[in-house]
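S.K.: With these hints in hand, go ahead and build the complete structure from the sequences.
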Amino acid sequence: MSSKYERQLYEILPDVRRPSRYIGAEWNQSSKDTGDVSIALAYPDVYEIGMSNLGLQLLYDIINSHERFHCERVFAPWIDMEAEMQKKGLPLLSLETKVPIKDSFDLFGFSLQYELTFTNVLRMLRLAGIPLRSEERDESCPLVIGGGPCAFNPEPMAPFFDLFLIGEAEDAILEILDTVDKEKQKQNRKPLREEVLKSLSRIEGVYIPAKGEINGSSRFTEKGEQGLSIKRRVMTGIDNLSIPKNPVVPYMETIHDRCVIEVMRGCTRGCRFCQAGIVYRPTRERKVDTVVKAVSEQIKATGYEDVSLSSLSTTDHSQIVEMLEAIANLSKSPGRSISLPSMRTDQFSVDIAATIAKMKRTGLTFAPEAGTERLRRVINKGLTEAQILEATTKAFKMGWSRLKLYFMIGLPTETDEDVIGIAQLLNKILSAARDELKGKNVGRIKLTVSVASFVPKPHTPFQWIKTLLPEEIERRQKLIRDNVKSKQIFLRWHDASVSVLEAALARGGRETANAIENACKLGAGFDSWTERFEFEIWKEAFSLAGMDVGEKAINVGEPLPWGHIDTGIDIDWLKREYELATSAEETEDCRDNLCSECGVCRGKIGLEIAGE
Amino acid sequence: MSKVRIKYRKAEVLRWLSHMETYRAWMRIIRRSEIPIRYSEGFSPHPKISLGPALPVGVGSEAEYMDIKLEGDMAAATVRESINSKAPEALMVLEAKVIPDQTKSLGATVKYSDYRFYLLNERSDSLSAQERCVLEGSITKQVGKNRGQRIKCFEWSQGNEKEEQKNMIDFVLRLPVSTRVKDTLTDLDEVPDLKNCSFVVDRIAQWIGKDKMLAEPLQI
Numbered sequence: 001m002s003s004k005y006e007r008q009l010y011e012i013l014p015d016v017r018r019p020s021r022y023i024g025a026e027w028n029q030s031s032k033d034t035g036d037v038s039i040a041l042a043y044p045d046v047y048e049i050g051m052s053n054l055g056l057q058l059l060y061d062i063i064n065s066h067e068r069f070h071c072e073r074v075f076a077p078w079i080d081m082e083a084e085m086q087k088k089g090l091p092l093l094s095l096e097t098k099v100p101i102k103d104s105f106d107l108f109g110f111s112l113q114y115e116l117t118f119t120n121v122l123r124m125l126r127l128a129g130i131p132l133r134s135e136e137r138d139e140s141c142p143l144v145i146g147g148g149p150c151a152f153n154p155e156p157m158a159p160f161f162d163l164f165l166i167g168e169a170e171d172a173i174l175e176i177l178d179t180v181d182k183e184k185q186k187q188n189r190k191p192l193r194e195e196v197l198k199s200l201s202r203i204e205g206v207y208i209p210a211k212g213e214i215n216g217s218s219r220f221t222e223k224g225e226q227g228l229s230i231k232r233r234v235m236t237g238i239d240n241l242s243i244p245k246n247p248v249v250p251y252m253e254t255i256h257d258r259c260v261i262e263v264m265r266g267c268t269r270g271c272r273f274c275q276a277g278i279v280y281r282p283t284r285e286r287k288v289d290t291v292v293k294a295v296s297e298q299i300k301a302t303g304y305e306d307v308s309l310s311s312l313s314t315t316d317h318s319q320i321v322e323m324l325e326a327i328a329n330l331s332k333s334p335g336r337s338i339s340l341p342s343m344r345t346d347q348f349s350v351d352i353a354a355t356i357a358k359m360k361r362t363g364l365t366f367a368p369e370a371g372t373e374r375l376r377r378v379i380n381k382g383l384t385e386a387q388i389l390e391a392t393t394k395a396f397k398m399g400w401s402r403l404k405l406y407f408m409i410g411l412p413t414e415t416d417e418d419v420i421g422i423a424q425l426l427n428k429i430l431s432a433a434r435d436e437l438k439g440k441n442v443g444r445i446k447l448t449v450s451v452a453s454f455v456p457k458p459h460t461p462f463q464w465i466k467t468l469l470p471e472e473i474e475r476r477q478k479l480i481r482d483n484v485k486s487k488q489i490f491l492r493w494h495d496a497s498v499s500v501l502e503a504a505l506a507r508g509g510r511e512t513a514n515a516i517e518n519a520c521k522l523g524a525g526f527d528s529w530t531e532r533f534e535f536e537i538w539k540e541a542f543s544l545a546g547m548d549v550g551e552k553a554i555n556v557g558e559p560l561p562w563g564h565i566d567t568g569i570d571i572d573w574l575k576r577e578y579e580l581a582t583s584a585e586e587t588e589d590c591r592d593n594l595c596s597e598c599g600v601c602r603g604k605i606g607l608e609i610a611g612e
Numbered sequence: 001m002s003k004v005r006i007k008y009r010k011a012e013v014l015r016w017l018s019h020m021e022t023y024r025a026w027m028r029i030i031r032r033s034e035i036p037i038r039y040s041e042g043f044s045p046h047p048k049i050s051l052g053p054a055l056p057v058g059v060g061s062e063a064e065y066m067d068i069k070l071e072g073d074m075a076a077a078t079v080r081e082s083i084n085s086k087a088p089e090a091l092m093v094l095e096a097k098v099i100p101d102q103t104k105s106l107g108a109t110v111k112y113s114d115y116r117f118y119l120l121n122e123r124s125d126s127l128s129a130q131e132r133c134v135l136e137g138s139i140t141k142q143v144g145k146n147r148g149q150r151i152k153c154f155e156w157s158q159g160n161e162k163e164e165q166k167n168m169i170d171f172v173l174r175l176p177v178s179t180r181v182k183d184t185l186t187d188l189d190e191v192p193d194l195k196n197c198s199f200v201v202d203r204i205a206q207w208i209g210k211d212k213m214l215a216e217p218l219q220i
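Quick mapping for you: the protein sequence lines, in order, are chains V and A. Under this note's numbering, the first sequence has 607 at position 607, and the numbering climbs by one with no breaks. Under this note's numbering, the second sequence has 186 at position 186, and the numbering climbs by one with no breaks.
Worth flagging that the hints you see were computed from the coordinates, not collected in a lab. Computed from a predicted model, the values in this text were never measured in an experiment. Hints are supplied without guarantee of correctness; some may be wrong.
[What the hints assert, rightly or not] Result set (SDA-like, lysine to any residue): computed pairs, CA atoms no more than 25 angstroms apart in a straight line: (1) A/K48 x V/E26; (2) A/K86 x V/N64; (3) A/K69 x V/S333; (4) A/K48 x V/R336.
[As the list claims (entries may be wrong)] Reference excerpt, derived from the structure (chain A facing chain V, CB under 10 angstroms, subset only): (5) T22; (6) V57; (7) R116.
[Unchecked claim] Selected chain A positions facing chain V (Cβ under 8 angstroms, derived; list incomplete): (8) V13; (9) L51; (10) K69.
Ideal placement from N, C-alpha and C gives every residue a C-beta, glycine not left out.
M.R.: So, in structure tokens, the structure goes:
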């Protein structure tokens, strides 16, 4: 099917940057162009960012594997493309068949991975010709649905969405499409939005924001006392869930330009700042055979050489050693590499990395997160200085000369001593390496250190905490800079104002939507791109909405904007974790049968450990 | 070890791939095809694929070339079929030929490329005699400046074919490989009377020097 917009689109391409963002036609692209129910799956950033998202590939595969359903992709056109499209009067088009989103799809689904993509959602709706607010849409509009991590506090984006899906979507997306299908058949015409939404609201995990406003307030007490409680969808039996056999292979270089296999979902380490560590509980591992079969199939179907074994903490997989051996034995083809995106900072992980490096040496990244042992206990990172130094020294000894290290500043209870502790730890890592290597290759050592600013996220034990002002973040950044002595240490910062905005958007209530809409009108978009981010626009946008972008602390026990979203985690457990944090006490990983009673395991939902 | 020279097309929307993207696409196609491609030595082994002169982004082609190295021997027809079973149609292998190991690289030997220019005229009427004259002048100037050659003159189709080919003008220029086709286009764009016309350019042939004559890269 060739759309009449296609030629117009191609006429624009000579005038825009990176035209391959807009062409589609990749290997393994779905050849479906119609179905009983159709959905445009959107990622609100450019193609190369969106195509690196595993969830998008997964849903694309699940939906298009279903005979009655049809799914196409759509990404945010970069500023230059958007301007050209507006000039030509072209609406937002799907990537596969280049048809207008508004007229051609029953549903328009957004993956909400990061708060700083929120304005892109609005820009995409605007370009599609769909009214920004749910209440302004009529029967000619597709239902706009959102999901992903940012949907765990849906309120800041609530007015722009007709519905959200909270949690894991494998089953729920098919239930949603099936419900829309039934409604369409029942009425034998385009069904009324209101009736479809009513049916959809019966699906577990579906949140219809229009129903979420009670007495003009969108603050919710934790137990759903206002009669509204949306349960997160959790998949059980992860080993049996489908893994895409034929993922789409982009022509453009994407962030994760390789096979990505999810080997484990959830993480029970319990780092107290980490939202993913809460909202993807419990830990569920895939079996070695399942992973190896998927790797083998994907390599054959894509031509990728590199494999990434993805999860929140891959070296925690109970059979990681066996898994790596089996993958290494798959074929002797040169150039193959395996990468583990997140590793613990310990000797075991370095051993694993060394095994992998026999195939092709890749980078090594550690995330101590905080500079002192006390603060690492506060965040429940549970790493001693000795462990960190053992791991880094071992890495240098085994031939790595460059390490990447991740830290955060602005963590709860942080003092200047903790901040300076980051610099001191870096200095110690270097001097330990010098002692160990005894001068040999010491000059080649390079530490690339990324220092982020802590952003409190909903549903974590730190959800109540106040964020720092940009000036204070910058003062602490300077403390590190002043105490790092070596030219072999390269410091990189996150922009302080970006973190402040991120916190405001992550923890906002429904009123925050006004600020987001204002920002979009004032020209904000692609805010996660350094060259595009303008804090002044956001300050004005918040102020026009009668708000302040800087965040205040929330009292424990006070109703929360996300209080109606039930992740399965007990609020009392979160409060207890918060208290333990303030006294720098740790909670152990429940993987080792030490249940801390977070409350997520119930009924069929529980730990799924491979080989058990 | 053997060396195979491949002629392929880069058509339809894949004309928008950059040289690097094209290279990466071929790496993946060749791995999918499971032909015994040779890898470079060292820390980060790469398949031995060497593409011919780069094509500007947006220009299509029916005559792209690359050389690949294989472990052991494989019939050229088998190489072609294996690759085509795993390649999109727009990037299909047209011909493959086993060539001597010592054959000089495409980059070192390709001298000229033939480009076919389609001038899509959005207006319902065809170009006036005066406009044709201006266009002629501009082309002659370009060809002279770039020491190229005019291979084929205008052909005026009279709306007998597909609707979109109505009023289509095409001509072929043979340009040295160093010429930037995009510059040629820009200059033509400046012809004031042709402002609302847009170009589609395709490479239709490439030529290497052989015995003081020009030959196709596969004629070795």
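S.K.: Close enough to count: is the Cβ of A/L51 nearer than 8 angstroms to one in chain V?
M.R.: Result: violated, 14 angstroms to nearest chain V Cβ.
S.K.: Take the C-alpha atoms of A/K48 and V/R336, compute the straight-line distance between them, and say whether it is at most 25 angstroms.
M.R.: Roughly 15 angstroms between the alpha carbons, so the hint for A/K48 and V/R336 holds.
S.K.: For a C-alpha distance cap of 25 angstroms, please report whether A/K69 and V/S333 respect it.
M.R.: With a Cα-Cα distance of about 15 angstroms, the restraint between A/K69 and V/S333 holds, given a limit of 25 angstroms.
S.K.: Given the hint that A/K48 pairs with V/E26, test it: the Cα-Cα distance must not exceed 25 angstroms.
M.R.: 23 angstroms, holds
S.K.: Is it true that the CA of A/K86 sits at most 25 angstroms from the CA of V/N64?
M.R.: Roughly 21 angstroms separates the two Cα atoms, so the pair holds.
S.K.: Answer holds if the nearest beta-carbon of chain V is closer than 10 angstroms to that of A/V57; otherwise answer violated.
M.R.: 6 angstroms, holds
S.K.: Less than 10 angstroms between beta-carbons is the criterion; does A/T22 satisfy it with respect to chain V?
M.R.: 8 angstroms, holds
S.K.: Per the CB criterion, is A/V13 less than 8 angstroms away from chain V?
M.R.: 4 angstroms, holds
S.K.: Closer than 10 angstroms between Cβ atoms is the bar; does A/R116 clear it against chain V? Give me holds or violated.
M.R.: 17 angstroms, violated
S.K.: When the nearest CB of chain V is found for A/K69, is that gap smaller than 8 angstroms?
M.R.: With Cβ-Cβ at 13 angstroms, over 8 angstroms, it is violated.
When each numbered hint is compared with the structure, violations occur for hints 7, 9 and 10.
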